[in-house]
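Colleague: Each chain, letter by letter, is given below.
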Amino acid sequence: MAIFVNRDTRVLVQGITGKEGLFHTKQCRDYGTIIVAGVTPGKGGRKVDEIPVFDSVAEACRETTANASMIVVPPPFAAEAILEAVDAGIDLVICITEGIPVMDMLRVKNAIKGCHTRLIGPNCPGIITPGECKIGIMPGPIHTPGGPVGVVSRSGTLTYEVVHQLTQQGLGQTTCLGIGGDPINGTDFIDCLHAFQNDPETKGVVMVGEIGGSAEEEAAFWIKANMDKPVVGFVAGLTAPPGRRMGHAGAIVSGGRGTAAAKLEAMRSNGIHVCKSLASLGALCREVFTTSAR
Amino acid sequence: MKIHEYQAKDLFKNAGIPVPKGAVCKTEKDISGILATIKMPVAVKAQILAGGRGKGGGVVLARSIKSAQKAAETILGMQLVTKQTGESGTEVKTILIEQGVTISREIYLSMLVDRERAAIVIVASQDGGMDIETVAEKTPERILKVYVNPLLGLQGYHLRELTRGLGIPEGSVKSFVAILRNIFRLFLQYDCSLLEINPLVITKKDTVLALDAKVDIDSNALFRHPDIVSMHDSDEEDELEAEAARHGLNYIRLEGTIGSMVNGAGLAMATMDLIKQAGVEPANFLDVGGGASADMVESGFRIILRDPNVRGIFINIFGGILRCDILAEGVVAAAKKVGLSLPVVIRMEGTNVDEGRNILAESDLNLINATDLSHAATLLAAI
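Residue numbers (the numbering used here), protein chains in the order written: chain C, 1 to 294; chain R, 1001 to 1383.
Honestly, the hints are just simulated from the structure, not real lab data. Ideal placement from N, C-alpha and C gives every residue a C-beta, glycine not left out. One should not assume that every hint holds.
Claimed, not checked - No more than 25 Å apart at the CA atoms, straight line, and that leaves these computed lysine-lysine pairs for BS3-like:
(1) Lys1002/R x Lys1013/R
(2) Lys1026/R x Lys1066/R
(3) Lys1214/R x Lys276/C
(4) Lys1002/R x Lys1055/R
(5) Lys113/C x Lys1145/R
(6) Lys1026/R x Lys1138/R
To be verified - Part of the chain C face toward chain R, derived, beta carbon under 10 Å:
(7) Leu106
(8) Lys113
(9) Thr117
(10) Met138
(11) Pro139
(12) Thr159
(13) Gly181
(14) Asn185
(15) Gly256
(16) Ala260
(17) Ala262
Same shape as in the complex, but just chain R (with noise of 0.2 Å):
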């Protein structure tokens, strides 16, 4: 799960990590009484959750009040694109106004799960405030990493390798080194899959300031996080996606014609490669879970429907503990409550297929059978 900026920088505040001095703010009339509060140049940050803010204009520096103030009015409330967001954009409906520091040196600190050495890896670099995929590829020389090892914690060498090889002047060492600790206690504590800040910023004064926060939490963790769980933004997600996480179901909504419905992740995958592969393009991925009960079933189409791209329908299920003729009972019913009337192509393999077959046959519905995978897709192909 993603969070905004601000909610990030409160939880650096809380686990002592300096963030500037700023407030948030969702409504104009509020912006005149911040300002009053906050030193001038300030920065008036958009508050959504896609990357690319900056360039997307959504991120201005002002230096006087009355510009900070034209700023801020033109943020909260404009239609954000960036490369992240799409076409339309995102309606940006919170800003974050902070006081502006003057900066020595700008640094990239991330940290994240590495799952083949099983380790959390720090990475950063001196090229701080860029895009670090960018740096990553040009001047991999650039980019530190620094594998630690969960059960036992930032060790001092590995607080030395990052000190040294950043580069950090001797005035600002220790408050460097307190950060990275409070990081790493920060990451393991909210079970984190991700925490970047870019640009992390000495100043003039030799202060070491989280200038940016990224925090993206481990959806499996939220049941220990009600703090997090709170600070859900369902705004930006697809209306169809949202809708379909209320009913248990993992949708992801894609450009295409085919809707599909699957039992499984990796069988779900497969199909939409499938269906790419006769020649037409996925409208979705949708997993109603390894034991497609008929409820799920009921549900997929409502979602799959909903989606006005969609012209045609292929269900995928590999019915395994779950009959195939429960299930074929399942989709028929399903199929009249919700007044199916696209083309569906149906293929179901398993345990007592014949009868589920007879039974999608018999039904007066558009329901077409598929003996195996490719005759699935010859049929698909022509839908």
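The shape of chain C in the complex, shown without the other chains (with noise of 0.2 Å):
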């Protein structure tokens, strides 16, 4: 078991034929990621790599027995992409593209309301269950396949940092994913806690938060109302200057909301435990996930 991604998961990749599309395609695949279908408009037919590539997601769908799509178009094209996707009926699409303007995905956050397929991203570094499916930029074999950690993020290397010091503590990893450093994306930490609440291979899981918005504030509560599993939590940006862009659109402290203290705050009051330093966050994680649960 894992989340949202296992050994039978079949990606297209939209965009394939550009040269970082391509690029994590190859290294997508040689992880043992099943690829089926490339999809560039106005390149249909063609071949990369052995894969095929069609003109549009409903022929790729019609044609291969595709399940979820990664995208890696440039910004200006990527909302279209998402809603290409959706409205071929993907389950799950995962937008790695960064840079996308806000109205665009504000427009598809609301368009797809509803739809049964699951958005993770965008701005992020993809999702990849050890040892079974990678489908994102983030380096294969930092990895551990075979559990017991969960791992959600805002963020892309940070969470390979994560990743990197859990498998040196040797705690393996049953799904590790990035949902995005965007103000608006799709898949948020609480459906992802809900995942690995659920999952029975998961014991405990790893929340990486940063500055902006309440996604993190609203996590704890949630957390502590649903959730049996430990949770060690970590937030990046406590000494970011208020009113800037850290980076990620999404990372800004903005009239007084958002701050990494207020984040850390709601987490230790909702029965988190909560990491002060990243330099001690796998030693933290060997101590709450080998003890039992909270």
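The two chains are supplied separately, each in an independent frame; assemble them into the complex guided by the hints.
Modeller: Rendered as structure tokens:
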């Protein structure tokens, strides 16, 4: 078991013919992910590295058994790519693209409400169930298959850091995913925590947040009310100056809201094991996840 | 991206949102000509991007041509200090001279994106002309919030709620509603992240006017707004931040002494926190991108070294798909190229990390290898 993706997930790649798209497609396939198709409008009919390319997602779905899509198209076209995948009935859409206009995502988020498709991202590293399926740009070898820890994060390389520390401590992972650093995204912390709670293999979760918005606070309340598995929490940006966007479009403290201190306090007061320093995260996880549940 | 008040008012005029009659002035010799075309009294307003202009003396009301001339001459070219400019202030290179209006009501009106609800939120208050955060804190019941689905747009009940909630007088309802519709259209059309009018005034003759205008545009959407790009004013940007942006780097200057260079925004923030926890202060946020190419590392070094406060540098790179040996070669080459003399603590992790560390150790540069993050913190505290 794991969440959202496993060895049966069959992936198509939107934007497969781009340099980055092809590179990461190959990396995913080398990891063991089943890649069944690529989509680039106007380039249908050819093959890249033995993978058939189609003009549209609908066509790729008719001709193959794809049930997930990885989107690596440039920002001006990414929102449309998400809508195309949702319209074609794909179960899971993972949008890696960074830099999509907020207004585009605002429309997409409202347009896909009620659809069965799950959107992960945008502006995220993707999702990996170690040893089974990697859809995204994360380095495969740092992960350890078999669980017992689930990882959910708003960041990219910070997630790799966390996973690496888990692996160093001998703690494997069930599934690790980034939900993205943009102000408007698809799957949120609570969706992931809910799935981890219901996954029998996941015994505990690491949740990695950052400044901006109130997703961490809402997740903390939800955890207290709904979860019996231990959660370790970390929030980046204690030293971030207010009013400045820290790299990610969503990482901004505005009007005194969205501070790291407030998020850590919400986590602490709702029974989450708060990690204060990134340097000690792995050790804290070993302590929390190898003793019994809280 | 921020734009000036006069630029926002040009957008307003084109969108059918009334603003006072006025003119932009950039040189002292044009002042008298402009004043000859505008009826007294007038408002003389400094055009800088930072907020808090009024309290800093950047907005002056004048009743006669003589006092208007004097105010304009004083403000144009002054170093305006506000709560947002820092102590040295910002030079005023442009002023806006506007015809005064007889105010009967002042309203606060703004629109922004609500990330939790994935909606556009209209925030309004009867207490226009005041600092809205103070109003929100002291009298939250005087703030009205209306959430609009971006796909469906403004509905009749949204307009009624705002009109009634603000107590708009009968004679002004029609123009108020027209303005709301036009603002909403402008907000969507220009990918605004914030549109704020404080105050929107109702005059003694029942007309409705935007006395002030603040518009921020989503930088990610600039590719489809060349007219906004041409409004960009780099005068108030930090020199190093502007330079970094030209190289595709995400750099924010801070007050401390330890520069940092990191791949990825989340890890970069966490690294700043780690520097602070080690007992020293971060000098910057710098994200060289998930890939951290040799070119990016070199540009990063150049930017950090131009900050005279920096006493040491911490490089924290998680090499994933990018191998650590390649990264280490890039760091060594870049350090040699820029003639690095400051102590540099490097912590790298990921694929081929041992080869990477060997390359760093064998270089004849002042590069200190940290074995992990705790070790790095100890080394940083010793700089």
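Colleague: None of the hints should be skipped; say for each whether it holds.
Modeller: Outcome of the hint check:
no. : hint                  : in the structure
1   : Lys1002/R x Lys1013/R : holds (18 Å)
2   : Lys1026/R x Lys1066/R : holds (19 Å)
3   : Lys1214/R x Lys276/C  : violated (38 Å)
4   : Lys1002/R x Lys1055/R : holds (20 Å)
5   : Lys113/C x Lys1145/R  : holds (23 Å)
6   : Lys1026/R x Lys1138/R : violated (39 Å)
7   : Leu106                : holds (5 Å)
8   : Lys113                : holds (8 Å)
9   : Thr117                : violated (16 Å)
10  : Met138                : holds (7 Å)
11  : Pro139                : holds (3 Å)
12  : Thr159                : holds (7 Å)
13  : Gly181                : holds (6 Å)
14  : Asn185                : holds (9 Å)
15  : Gly256                : holds (8 Å)
16  : Ala260                : holds (8 Å)
17  : Ala262                : violated (15 Å)
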